[in-house]
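So you can see what is in the structure, the chains are spelled out below.
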Amino acid sequence: MNAHTWRKFRVLMATQFAHMTVYRAEIVIWMLSGTLSLVMGLIWMQQAASAPGGEIGGYTARDFASYFIATWGTAQILVVWVAWELSFDVRQGTLSPKLLRPIDPFWMHYVGHWAERIVRLPLMFVLLVIFAVLTGAQYTTQLSHWLAYLLLVPLAFTLRFLLEYCIGLLAFWFEAAENFQELVWVLYAALGGLLAPLSLYPAAVQKVAAFTPFPYMLGLPCDLLTGKADLSDVLRGFFILLAWTVGFGLLRALMWRHGVRKYGAVGA
Amino acid sequence: MPVPTTDPDITVRAAQLRKAYTVTEKEPGFLGSLRAFVRPNTRTVEAVKGVSFELRGGEMVGFLGPNGAGKTTTLKMLSGLLHPTSGAATVQGHTPQKRGTAFLKQITLVMGQKQQLIWDLPAQDSFLVNQAIYEIPDAEYRATMREFDEVLDLSGILSKQVRKLSLGERMKCELAAALLHRPKVLFLDEPTIGLDVNMQERIREFVREYNARFNATVMLTSHYMADVTALCQRILVIDGGELVFDGDLSALTSGPDARKTVRLQLSRPETAARLSTFGELIRLDGLDVELAVPRGEVSARAAAMLTHLDVADLTVVDPPIEQVIGQLFRSDKKPEPVKALA
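Protein sequences, first through last, are from chains L and R. Taking our numbering, the leading residue of the first sequence gets 1, the next gets one more, and so forth. Taking our numbering, the leading residue of the second sequence gets 1, the next gets one more, and so forth.
Source of the hints: derived by calculation from the structure; they are not laboratory data. Treat the hints with care, since some could be wrong.
Listed next, the in silico DSS-like pairs over lysine-lysine satisfying Cα-Cα at most 25 angstroms (straight line) [claimed, not checked]:
1) R:K184 x L:K98
2) L:K228 x L:K207
3) L:K262 x R:K98
4) L:K228 x R:K105
5) L:K262 x L:K98
6) L:K228 x R:K164
7) R:K160 x L:K262
8) R:K164 x L:K262
9) L:K98 x R:K26
10) R:K49 x R:K105
11) R:K105 x L:K98
12) L:K262 x R:K105
13) R:K105 x R:K184
14) R:K98 x R:K184
All values reported here derive from a predicted model rather than from experimental measurement.
Full structure from sequences and hints, please.
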């Protein structure tokens, strides 16, 4: 990274952080509204507590609590809204000033999302501790697993960002790209493990899911923290995520190149 | 392929530049929606129909035309936002639609007042982002800001949240942000729209000084003719996507269809019908009258007015440029499109 690139990153991060702090209250509300996995956790905990043997598919009530709290925390880091922003920019013409700058708009959005994470993280940690204490959730104490988690999650975020970016770029060809985003979110939630651990799904669904990136984005990091996955799973998952990331990176470049030709620059 | 430019002094060149859009049309109501869903009705609209011109380094050119004439579309093609359907353009030797870094560092396009400033932060933050993105050294950044501050009087507003700035303050910041990297080519699309007279003058002064200081090429569209007459000697007029005039401002007012304005102060009221027999009635306000007459018949018509009307005072002036342009578009005998560049 040369001096100019480092300076761009530093200034963009500082500015985007300042921008996000303006919306700190909204970010907290947004964070609290994304509690689907916690609700699912409560349902599964209740079911496990009343099940014969006190477990379902190898998960006790406490295992479910640990899993779903980890899912909630990880999903907070994987939140991406770039598809909505891009679609708006293309439709409203507000992409124009961004196209006039000698920097790919991708980087502004990418850095902006990370800056938002910095605003989001402090309260997220507090809530995670409270949830864990209240439910008795337990996590691995192995440092290597935590380090592997910290390696996996940024890669998973980057992949999800690229996937959503590609969805946003569909606005060059379709009126509203957000509709595609909803469809992909359902797959992400179901196959990623937001609704239930993937091991509880029918075998056929698990096989299909293995061909998608979603279980490695969300379920795998959570399984790692709760002791249901080991470092060999991480290694495999990491390379699968990397392959998907490269694939979507190339797709994004291709879509951008062709999409910009269709840009009408209306309204601005 | 860039268009070969033989004259090294040419900074902007458009050769048969054309842009066509496909638009979808729909009839109103439920049935219209249903029909559009089953069989979308599309048609091609030619916004720009083969426009050709060249601008020299340091030239300030007014780009005029009625709404929907193709002004903004042309500027967007020249700044790389739109890909031309056919034809070619070069700006500072670059093909705009490739949007290369070297090209983007040499141009700017200002459209309206809400462009690149970050709405929720002070303008200063947007300037720092631009400084980093355009890789402007600290010393140059400080010097540029000092110069801009002298003309635009930015001190006191840079630390205010952009959304809390007045329209004029925001426009000053937008212009400063757009020119921070000292571009050599400026495309200004209605830079003074919505501003009060003093602020318009301030912006004009800023553009004039920038042009003089950096020998920048300026292409300006404006509905305020004062912008054009104050800044530009040469004007391009576009209508219906075709270039219909390219020449000096004075040539537009002295062509074969040129007219003069006769201002009369009458001693007693006259009817509009009677006044119209002496020329085209532009204004009738009590005893104050303005008539447009052919330039070659001014003496004869003025003499007739003095003979047949009760005139207290009569003056002959050049018509405002708004009227000249308006006449150009209203005329039954519209001007031929300007011949394409070889």
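Against the structure, the hints:
Between K184 (chain R) and K98 (chain L) the CA atoms are separated by roughly 19 angstroms; this keeps the pair inside 25 angstroms, and the hint holds. Restraint check for K228 (chain L) and K207 (chain L): the C-alpha separation of about 18 angstroms stays at or below 25 angstroms, so the hint holds. Using a Cα cut-off of 25 angstroms, the hinted pair K262 (chain L) and K98 (chain R) holds, with the two alpha carbons roughly 14 angstroms apart. Proximity of K228 (chain L) to K105 (chain R) is assessed by CA-CA distance (about 53 angstroms); at most 25 angstroms being required, the pair is judged violated.
Among the hinted pairs, K262 (chain L) with K98 (chain L) is consistent with the structure: their alpha-carbon atoms are about 16 angstroms apart, no more than 25 angstroms. Taking the CA atoms of K228 (chain L) and K164 (chain R), the gap is about 53 angstroms. The hint is violated against a cut of 25 angstroms. Between the alpha carbons of K160 (chain R) and K262 (chain L) the distance comes to roughly 37 angstroms, so the proposed pair goes past 25 angstroms and is violated. Annotation: proposed proximity of K164 (chain R) to K262 (chain L) is violated, straight-line Cα distance about 35 angstroms (limit 25 angstroms).
A distance of roughly 31 angstroms separates the Cα atoms of K98 (chain L) and K26 (chain R); the hinted pair therefore is violated under the 25 angstroms criterion. Using a Cα cut-off of 25 angstroms, the hinted pair K49 (chain R) and K105 (chain R) is violated, with the two alpha carbons roughly 29 angstroms apart. A C-alpha spacing of about 13 angstroms is found between K105 (chain R) and K98 (chain L), which places the hinted pair at or below 25 angstroms, so the restraint holds. This hinted pair checks out: K262 (chain L) and K105 (chain R) have alpha carbons roughly 23 angstroms apart, not beyond 25 angstroms.
In summary, the hint linking K105 (chain R) to K184 (chain R) is supported, as the alpha carbons are separated by about 9 angstroms, within the 25 angstroms threshold. In summary, the hint linking K98 (chain R) to K184 (chain R) is supported, as the alpha carbons are separated by about 18 angstroms, within the 25 angstroms threshold.
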